[in-house]
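Since each chain comes alone in its own frame, lean on the hints to assemble the complex.
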Amino acid sequence: MKLMHVLAVALLSLGLVACSKPTKPDQTTPPPADSGAATSGLGGEGAAGAGTGAATALTPQQQALAAIQQKNVIYFEYDSAEIRQEYVPVVAAHAQYLVKYPTARVRLEGHTDERGSREYNIGLGERRAQTVRRALLAQGVAESRITTVSYGEERPAVEGSDEAAFAQNRRVELVHAQ
Amino acid sequence: MQAMVATRKSRAGATLLALVSLLFTMPGHAQLRLDITQGVRDAVPIAVVPFGGQAEGGSNDIAAVVANDLRMSGRFAPLERRDMVTRPTSGAEIRFEDWRLLNSDFIVVGRVEPDGAGLAVSFELHNVQTGASLLAQRLPSNEKGLRATAHRIADLVFERLTGIPGAFSTRIAYVAVDGKPPAQRYRLIVADADGFNPRTVLESREPIMSPAWSPDGQDLAYVSFEGKASAVYVQRLATGQRSRVSARAGINGAPAWSPDGRGLALTLSRDGNLDIYTLDLRTQTLTRVTSDEAIDTEAEWSKDGQSLFFTSDRAGNAQVYRVRLDDSRRAERVTFTNGYNARPRLSPDGKELAMVTLDRGGYRIAVMDLASRNLRVLTDARQDESPSFAPNGALVIYATREGGRGSLAIASSDGAFQQRLSSDQGDVRDPAWQPFGPRT
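Those sequence lines, one after another, are chains A and F. Each step along the first sequence adds one to the number in my numbering, with nothing skipped, and position 55 is 55. Each step along the second sequence adds one to the number in my numbering, with nothing skipped, and position 26 is 26.
By construction, these hints were calculated from the structure, which means they are not laboratory data. Idealized CB from N, CA, C, for every residue including glycine. Mixed in with the good hints, there may be bad ones.
[To be verified] From the structure, some residues in chain F lie toward chain A, with a derived Cβ separation under 7 Å:
#: 1; residue: Pro181
#: 2; residue: Pro207
#: 3; residue: Met209
#: 4; residue: Gly227
#: 5; residue: Ala229
#: 6; residue: Ile251
#: 7; residue: Ser269
#: 8; residue: Ile295
#: 9; residue: Thr297
#: 10; residue: Glu298
#: 11; residue: Val356
#: 12; residue: Tyr363
#: 13; residue: Gly404
[To be verified] Calculated Cβ distances over 12 Å to all of chain F for the following chain A residues:
#: 14; residue: Ala57
#: 15; residue: Gln61
#: 16; residue: Ala67
#: 17; residue: Gln70
#: 18; residue: Arg84
#: 19; residue: Gln85
#: 20; residue: Glu86
#: 21; residue: Lys100
#: 22; residue: Gly152
#: 23; residue: Asp162
#: 24; residue: Gln168
#: 25; residue: Asn169
Just chain F, same shape as in the assembly (with noise of 0.2 Å):
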C-alpha cells in the first residue's frame, strides 16, 4: 500500500528526504497524507519486520503502521521493506547480524494469531547491537481493531525507547472545508492522530471553527455558524449527542475546556466588544473575566485551573496575557517578543505555551517556555495558526498553507522537524489533538 522511507545512519545526515507520500485511502472521506518534507538528523534506525499471519500490504498491516507511527515522531527512521532480507516473526528467528548489517539499532517483529473467537498479537522489541530483548508482549485483538492494536504497539515502543508514553493511539479533530468560495461545505472531522478512519462529526454550509476536546477526551466543544450566527456546541462523540451550551447575541467563539471538564472559557461580545468569560456547564453560570475595549479572546487554562491565558490586542497588536479568575481586573501581559502573539495553547506539562507569532514577515509557530519568557519559532512558512500540543507535549500539530490550500502539519516541540499531513481534497484547517483520557 504504502511506500517505506528508510533512512540509514550512513544517510542519516541528508538535509531532504525525498517527498515521500504515504497514502491513507479511505473512500468517501477527505484523506489525510504524512509527506516527510523535512530529515530528521538524529533519527534513530529502527526495522519494523512485516508481521507473521497476515498479508503484507493492506490496511491492516501491522508492520506498516508501526513503522509510519515512528516515522511521524521525528525520532526514528524505519527501514525500507524492500531492503529487509529476512522476515522473522519472532526473537528467536532473529540473526542479529543482518540487521546490524542494514545499520538497524532496533528491531520490532510479531505475528498475528487466532486467538478464541478474535486474534491476538505478539510482538517482541529487541537491540540489533546487543540481542537483548526490550519488549514483548501479547495484546488481544481483532480483525476491525488491527490498527488500534498496531498503534498500541507503536505507542509502546516509543516509550521503551524514549522513555516518553506514545501518542499515536490519540486522535485529532480537525476541520475540511469543500468548494469555492462563497459556496462551500465545512465539515468537522476526527481522524486517527496519523490521519487514518476519518469520520464526519458534524456537516454545514455554514462555518465551523475552533474544536476543543474536553480533557477526558469524550467530548468536543466548537463553534458553528449553522443558524447564521455563531454559537458554541459540545457534542458527545461516542453518541454524537450535542447541546447548544452558548447562542447569546453577538460572538460565541473561541471554547476552551477547564481542567476539571466542568466549564468552558468563551468569547462572547457586547456590542462588538469581545471578552472572555468562564461557563459552568451544569449550572450554566455566566462569569465575566475581562471586561477591555480591546478585542480579548483565545483564552486557554493554566494546569491549576487558576488563570487563563489569552489573546488581546489592549496594547496595540495582539499579543498573549495572563489572568487570575480570583483577581480578573489585571491581566499581565505574557509575549514581549514579536509585533503579533496570539491563541496561546499550553502544552501536557503546563510549562510551555505553543502561539502563533508573527516572526520575520511570516505568521508562524512558536513555543514560549513560561519560566524564562523564551520563545522558540518551530516552523518557517508563512501563515502558520492554530497550533495544538500532542498529549505527551512531543509534536505540536498545526494549519498551514501550500500550494493555496490549508493542510495540516506536524512539528516537534524543539523544532527538530516539521511535516505535513495533507488532504487530497479541499481545505484542512483548525487541527486540535485529543488529550489522553480513557481510549476509546
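So here's chain A without its partners, still in its complex pose (with noise of 0.2 Å):
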C-alpha cells in the first residue's frame, strides 16, 4: 500500500499517470465523420491525445506518452465490447504511440460492470481487451509490445450499483510501460 501511494506520488510528479479520474464517455472528441465502423476499430485518423505543456526535462517519448495518457480509458456499452466511434482516435493515438516508440509496451485491462456472473464476466473484460488489442495490431503494433488481461468486475473503478457507475466500469485500461 505505501508502496504503491510512493510510486503513484513518483509517477504522477513525473507526470506519467494520467490523472485518477478517468476520462468519461462524453468528454471525448467525436471522431472523424467519415471514420470507419466502430466494430473493426480501424477507421481512426489518429488525430486524438492533445498535447500538454509537459516539463521541459521530459523526453521525447515521455511527453508523448503524457498526451496520450490524457485519455487512456475506453468505455463501452453494456455487454458489448464493440468499440465506440468516438473511441477510436483514442486507440489510434495510442497506437500511433506505441509504433514510434519500440521499447513502449502496453498492458490492456479490461473490466465489467458487477451485473451478473463473475466469471462470465472475465471473459467479457477478456473481450473488450481482445478488441482493443486487434485494433492495435491492425494499426501496426507488434503483437509482443501487448499483453491483455481481464479483471471482469473485480477492480471497479468507482463504486455504486446505478448506471452511472456501471457506465465507468464497462472499460479498457491501456497501462503503458517504457
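Written as C-alpha cells, this is what we have:
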C-alpha cells in the first residue's frame, strides 16, 4: 500500500500517470465522420490526444506518453465489446505512440460492471481487451508489445450500483510501460 | 449475546419477522450476521432450552448455537428464551404441559459435564405433544470444541425431525473485500456455516475469486491475481500448503473439481478466446474440452464425472450447456427459459442445477430440475450471483447486494425463504459451501 502510494506520487510528479478520474465517455471528441465501423476499430484518423505543457525535463517519449494518457480509458456499452466511434481516435493515438517508440509496451486491462456472473464477466472483460488489442495490431503495433488481462468486475473504477457507475466500470484501461 | 426469535404457531403465518440481527463477534475478522428477512410460514416451533452446566449468553452457549442453526435452516422457529418459564436440563425434568402452552412442538434439553480431562455434552429431543423421547446422546467435547458439538447436535436434531442430514457442521468459503476502488484489499475466508470462526486463508491487494472445495472438503481451489495476472491455486486448508496449478498466458479461471477429486475443469484463453479444459492434478495433463469462439466458462462436473455443464454465449447471450467429455465436439444447450443463464452449480444429488438467471430485469438465483427442465426462481433481488448448494441440498448460499455492499444470503432450494448473512465491514461475495466429507 505504502509502496504503491510512493510509486503513484513519484509517477504523478513525472507526469506519467493520467489523473485518477477516468475520462468520461461524453468528454471525448467525436471522431471524424468518415471513420470506419466502430466494430473493427480500424477507421481512426489518429488525431486524438491534445498536447500537454509537459515539463521540459521530460524526454520526447515521456511527453508523448503524457499526452496520450490524457485519454487512456475506453468505455463500452452494456454487454458489448465494440469500440464506440468516439474512441477510435483514442486507440489510434495509442497505436501511433507504440509504433513510434519501439521500446514502449502496453497492458490492456479489461473490466465489466458488476452485473451478472463473475467468471462470465472475466470473459467479457477479456473480449473487450482483445478488441482493443486487435485494433492496435491492425494499426501496426507488434504483437509482442501488447499484453492483456481481464479483471471482469473484480476491480471497479468507481463504487456504486447505478447506471452512472456501471458506465464508468465497463472499460479497457491502456497501461503503458516504457 | 444474541436475541432469540420465536415464531409461535399462533404467529406462524406472519409474513415478515422483524429484522433480527444475531451478531457474531470475532475480534479482528469480518463479522457475518444472520438477518431473518422473511418469515417461514410452516416453520416448526421448537424450544431449545439453555443447557445446564454452562453460563447463558457466551459464545459457547450450546442452546443458542443449536437454535440459531435450526432457525437458519428455515424449517424451524425456535422459542424465544425469555418466554421459557423453566430450564429443564434432562428429559425427566421436562413438564410437557408447560411447553404445550408455549406452542412448542418439540423440545431440546441438555447439559455440559466434566468428563475426564475434557467435557461431555448430553442432550435429548422430545415430542412435546406425546412426551416421547426422539433422541438422546452424550457427545465428548472440550472447552474449545463446544460450538462444534452444538453444530453436531443441531445436525442430529435436524436429521431426526426432517429426515435430511444437517449441514451445520460444515463450513463456507467466501471472498471479503475492504477499501474503496481502486485500492482494495481482498481476503479469502473460511468460516463455520453459521458465519462464526472466520479464518483468513489468503490476503492480497489483487483480486481473489471463485473458491471451489475439493470433494473431500480438504482443499480449496481458487483464482488469485497476485502475480498481476490470473492463476489458479490449490490450497490444503489444514496445513496452508498451496500450489499454483495453472498460470498459463491469458486467463486462468473458474476452477471446478472433478467428482473423484483428481482433476479440475478450468477456463483458459488463447488470444482472448475462453475455452474449457480439464487438468489432471497428478500428471498435469491438460485436455481441451470446448473450442468455440464464444465465451465458454464456469464449468461444473456432472455427478458421474462424464460431462461438464458450463456457461457459453455461443448463441448470442449467456446460456448453460452440457458437453460430454468423450464427445466434446457437440454441446447440448440446457437452458432456454430466460435471456441470461450462467454459472451452473449441481445439487448434491445431481438432479438440479442452481444458476444465475436474468428474471424480470434482475439477476436472480434459480434452480432447474434437469429432468423436467423446469426453472424455479428462488430470489427476488436485482444482483444475486454465485449460487452454491449446501451439501444436504436443502439450502443454496449465494451473493447479493444491499445498500451498495455485497452480502451473502441463503435461500431454501424450494424457494420458501431467503435470509441474509451480511458482513459488518466491506463486501462479501463468491460463497462456496463445503461438501460433506471428513469432518475437520
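(message) Holds or violated: the hint that Pro181 (chain F) contacts chain A, with Cβ atoms closer than 7 Å.
(response) For Pro181 (chain F), the interface hint holds, since the closest Cβ of chain A sits about 5 Å away, which is under 7 Å.
(message) At 12 Å, judged by beta carbons, does Ala57 (chain A) keep clear of chain F as stated?
(response) 28 Å, holds
(message) For the restraint on Glu298 (chain F), tell me whether the closest CB of chain A is nearer than 7 Å.
(response) At 5 Å from the nearest chain A Cβ, Glu298 (chain F) passes the 7 Å test, so the hint holds.
(request) Over 12 Å to the closest beta carbon of chain F is the bar; see if Glu86 (chain A) clears it. (result) 23 Å, holds
(message) Minimum C-beta separation from Gly152 (chain A) to chain F exceeding 12 Å: can you confirm that?
(response) 8 Å, violated
(request) Please verify that hint: Ala229 (chain F), Cβ, nearest Cβ of chain A, below 7 Å or not. (result) Result: holds, 5 Å to nearest chain A Cβ.
(request) Identify whether the interface hint at Ser269 (chain F) stands, where standing means a beta carbon of chain A within less than 7 Å of its own. (result) Ser269 (chain F) check passes; min Cβ-Cβ to chain A is 6 Å, inside 7 Å.
(request) Could you let me know if the closest chain F CB is still more than 12 Å away from the CB of Asn169 (chain A)? (result) 9 Å, violated
(request) Have a go at the Gly227 (chain F) hint: is there a Cβ in chain A nearer than 7 Å to its own Cβ? (result) 10 Å, violated
(request) Could you check if Met209 (chain F) really has its C-beta closer than 7 Å to a C-beta on chain A? (result) 6 Å, holds
(message) Given Thr297 (chain F) as an interface hint, is its Cβ closer than 7 Å to any Cβ of chain A?
(response) At 5 Å from the nearest chain A Cβ, Thr297 (chain F) passes the 7 Å test, so the hint holds.
(request) Would you assess whether Lys100 (chain A), listed as outside the interface, keeps its beta-carbon beyond 12 Å of every beta-carbon in chain F? (result) 25 Å, holds
The structure fails hints 4, 22, 23, 24 and 25 (numbered hints given earlier, in ascending order).
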